[in-house]
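Asks: Sequence:
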Amino acid sequence: KYDWPGNIRELENVIEHAFILEETNLIGINALPEAFLRAVGINITGQYCSLNKSSESSGSSSKDEDKEATILGAFEGKENELVSISGEALDFNLHKEAFEKEFIVKALRTFKGRINQTALHANIPKKTLLRKIEKYGIVARDYVE
Numbered sequence: 091k092y093d094w095p096g097n098i099r100e101l102e103n104v105i106e107h108a109f110i111l112e113e114t115n116l117i118g119i120n121a122l123p124e125a126f127l128r129a130v131g132i133n134i135t136g137q138y139c140s141l142n143k144s145s146e147s148s149g150s151s152s153k154d155e156d157k158e159a160t161i162l163g164a165f166e167g168k169e170n171e172l173v174s175i176s177g178e179a180l181d182f183n184l185h186k187e188a189f190e191k192e193f194i195v196k197a198l199r200t201f202k203g204r205i206n207q208t209a210l211h212a213n214i215p216k217k218t219l220l221r222k223i224e225k226y227g228i229v230a231r232d233y234v235e
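Going by the working numbering, the first residue of the sequence shown is number 91, and it counts up by one from there.
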């Protein structure tokens, strides 16, 4: 049994999108969707994250301890990178649009402004990508090298 809530294609898309969102070869916690984090036992509330301890097994195995150490190590010194939304007005559409724009810019940068490659690898229909590029005032040729 695997801790992923979806199928393998969905997992591949999550990982691919996370790499597109990041500017380095490391995937940060903010690039991963909440469903993925919950699936591996990480809860994020405000500025903090916690690791769920599974009560399914009677004892803690070495594999579980390694998983815990790896997950906790990934957060060490990065508490400030977790976004706190307390005290801010929540506007889903505003945050969604900001995410879309950032995602498209990073994807265009990754694929050097090539619309077809960006659409293909970001799993976005080309027409939709072009519409969003226009909507957000993004200039694809700015990312051509």
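Calculated from the structure, these hints are not laboratory results. Keep in mind that the hints are not guaranteed to be accurate.
With a straight-line Cα cutoff of 27 Å, these simulated DSS-like cross-link-like pairs (lysine-lysine) come out [what the hints assert, rightly or not]:
hint : residue 1 : residue 2
1    : K217      : K196
2    : K186      : K217
3    : K186      : K196
For clarity, every value in this text was computed on a predicted model and none was experimentally measured.
Asks: Indicate, hint by hint, whether the structure satisfies it.
Replies: Evaluated hints:
no.: 1; hint: K217 to K196; result: holds, 18 Å
no.: 2; hint: K186 to K217; result: holds, 19 Å
no.: 3; hint: K186 to K196; result: holds, 15 Å
Consistency note: the structure conflicts with none of the earlier hints.
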